[in-house]
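Here the protein sequences come in this chain order: W and E.
Its first residue numbered 1, the first sequence is counted upward by one per residue in my numbering.
Its first residue numbered 1001, the second sequence is counted upward by one per residue in my numbering.
What the hints contain is simulated information worked out from the structure, not anything from laboratory work.
Think of the CB as a built atom: it goes at the ideal place given N, C-alpha and C, for glycine as much as any other residue.
Treat the hints with care, since some could be wrong.
[Stated by the list, open to error] From the structure, some residues in chain E lie toward chain W, with a derived Cβ separation under 7 Å:
| # | residue |
| --- | --- |
| 1 | A1087 |
| 2 | H1166 |
| 3 | A1171 |
| 4 | A1175 |
| 5 | E1180 |
| 6 | A1182 |
| 7 | E1184 |
| 8 | T1185 |
| 9 | V1186 |
| 10 | G1187 |
| 11 | V1188 |
| 12 | P1189 |
[Stated by the list, open to error] Cβ-Cβ distance ranges computed for the label pairs, FRET-style:
| # | chain 1 | residue 1 | chain 2 | residue 2 | range |
| --- | --- | --- | --- | --- | --- |
| 13 | W | L142 | E | L1071 | 47 to 53 Å |
| 14 | E | L1297 | W | T56 | 56 to 62 Å |
| 15 | W | R111 | E | V1091 | 31 to 37 Å |
| 16 | W | G222 | E | P1099 | 44 to 50 Å |
| 17 | W | D23 | E | I1279 | 36 to 42 Å |
| 18 | W | H198 | E | P1106 | 32 to 38 Å |
| 19 | W | G135 | E | L1276 | 34 to 40 Å |
[What the hints assert, rightly or not] A short list of chain E residues far from chain W (calculated; beta carbon distances all over 10 Å):
| # | residue |
| --- | --- |
| 20 | D1005 |
| 21 | L1156 |
| 22 | V1199 |
| 23 | L1253 |
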Amino acid sequence: MAFLDVRGVSKRFGGLMALNNVDMSVEKGEIFGLMGANGAGKTTLFSVIAGHVAPTTGEVHFNGRRITGLSPSRICRAGICRTFQIVRPFAGLSVEENVRVAAIYGSGRGRSRASRDTLVNEALESVGLTRQRAGLAGGLTLSGQKRLEIARALATGADLVMLDEVMAGLNPTEIGEMLETLAELRRSRGITFVIVEHVIGALMTLSDRILVLHHGERIAFGTPEEIGRNKHVEEVYFG
Amino acid sequence: MKALDIIFGLALAIGGLLVPLSGDAYLMGLVFQLAMWIALAQSWSMLSSTTGYLSLGHAVFYGIGAYVCVLLTGVVPFGVALAAGAAASAVFAGLIGLPVLRVQGPYFVILTYGLAELVRNVVMRIESALGSFGRMIFMVPSFEVLVWCMVALGILATLGAAAVRHSALGAGLAAIRENEVAAETVGVPVARLKLLAFVASATIPGAVGGLALLRTGYFEPAQAFDPVISFTIVTMALVGGTETVRGPVLGALGFTLLSEALWSSLPQLYMIVLGLTLIAFILFVPRGLSGLADRALGRG
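I would like the entire structure built from these sequences, with the hints used as guidance.
See below:
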């Protein structure tokens, strides 16, 4: 069984089929890209995996364990953490406090104070927020808050991190830095990433494999080269 | 700053514990009131200052504690009756907590107020159905003992509030206040922590209600569940400042002394002053007396 295994997941919102019988297998240590136009169901799929939305049918297994129906906090403690496309900082807390809460409660529960400190410092360092750690999270720029989302997810000690459009709104230099950061995190800590990105160049560079969704259905799957050559993807994506 | 707070708190606590030795009834009455409001405002802050879920119904916990205590006084020893009052409030909070804490913002404020009124009316009906329109309480311990107990509750509530704030629980509650969805996402068990804070904030008010009742020697539901108790708690905590443990102490101190001053000359003004002060602080001093103290001492 794959590290993260999504089997036959469907989600219906009233008359709308947001996800229709989607399968997805993510291997440990890979960077897995999720592609699709607006409304394709990418964020809904994230929400189903992270436990924010219950699937109408289907199951999600992680690390050999069924996680469908668990609360988001329990899924986080099982080792999966997501970020939000529309950032949700703890605005009134300092940057460091934001990250520390994640280190206290995430899958790193029961860690000693010292190892929590390490987790916090590493998370801040890897996204380049060390210098702003004492400032209020609400005072960060959008790019800063996007990076804080990632730092918080990392500080939970998650083995699988799902990033929802963390590059949107960043300038090309920042995107370059972000790509390096993610690649480095995978190398050094063996973190598995699932990423949703509108910045297709970034997705193609970073991902080992890509799944393309369209109107809630899986229309293509393969390496970035295969997806790039896929006529069907070209049609629905570029019109 | 930390050191100053601790010295100030220790002075208050020791002063409060020494006063009954003086035998001065007026001073003891003052200390009793002060300790009572500190205990109530600190308890309230364990839920409301930490999570931002503003309870406007804390009188219900005070009232339930008072009611259980009056039913048990004379049947069981005094200490057991008090503990039972606290336990009853805690159990009540535990039972209603999960559904009530699903409601947020102004709806939570109104719901807690409505629940307190509901319980007040239910107890009034029960009492009138039983044909009692108030109960006299006998076998009350001496006033000195009551003052000592109340001061102990004030100290306990303050230490409890400090412990909550500076623990992992406090960090989780702060995250809940800032963004509940994000808190849940990074592993904070939101529903469980809110319930824990709710029960913690309900427990000591139960014992406080019991003690206050034993002091008056007379139980009357409309009085024991008086919504003015809830309003006063919220006002003291907000005027004192919600960001620090010192806030509720300063708020309780300010209002108790103010009410003493007004009581002798202009008692009818008390509620008006309470309202005006609350409005003034919310508009102009959002960080409360505690924030003013910081500024006066040149920090923050």
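Each hint tested on the structure:
1. A1087: For A1087 (chain E), the interface hint is violated, since the closest Cβ of chain W sits about 29 Å away, which is over 7 Å.
2. H1166: 12 Å, violated
3. A1171: 5 Å, holds
4. A1175: Since chain W brings a Cβ to about 4 Å from A1175 (chain E), closer than 7 Å, the hint holds.
5. E1180: With Cβ-Cβ at 9 Å, over 7 Å, it is violated.
6. A1182: 4 Å, holds
7. E1184: 5 Å, holds
8. T1185: Cβ of T1185 (chain E) sits 5 Å from chain W, so the hint holds.
9. V1186: Interface hint status for V1186 (chain E): holds (4 Å vs cutoff 7 Å).
10. G1187: For G1187 (chain E), the interface hint holds, since the closest Cβ of chain W sits about 4 Å away, which is under 7 Å.
11. V1188: It holds, given that the least Cβ distance between V1188 (chain E) and chain W is near 5 Å, below 7 Å.
12. P1189: 5 Å, holds
13. W:L142 to E:L1071: 47 to 53 Å: 59 Å, violated
14. E:L1297 to W:T56: 56 to 62 Å: Holds - the Cβ-Cβ distance for L1297 (chain E) and T56 (chain W), about 59 Å, lies within 56 to 62 Å.
15. W:R111 to E:V1091: 31 to 37 Å: The hint (31 to 37 Å, Cβ to Cβ) holds, given that R111 (chain W) and V1091 (chain E) are roughly 34 Å apart.
16. W:G222 to E:P1099: 44 to 50 Å: Given range 44 to 50 Å: holds, Cβ gap about 48 Å.
17. W:D23 to E:I1279: 36 to 42 Å: 59 Å, violated
18. W:H198 to E:P1106: 32 to 38 Å: 37 Å, holds
19. W:G135 to E:L1276: 34 to 40 Å: At 36 Å between Cβs, range holds.
20. D1005: Non-interface label on D1005 (chain E) holds, nearest chain W Cβ at 20 Å vs cutoff 10 Å.
21. L1156: 25 Å, holds
22. V1199: V1199 (chain E) clear of chain W: closest Cβ-Cβ about 19 Å, beyond 10 Å.
23. L1253: 26 Å, holds
Comparing the model with each numbered hint stated earlier shows that hints 1, 2, 5, 13, 17 do not hold.
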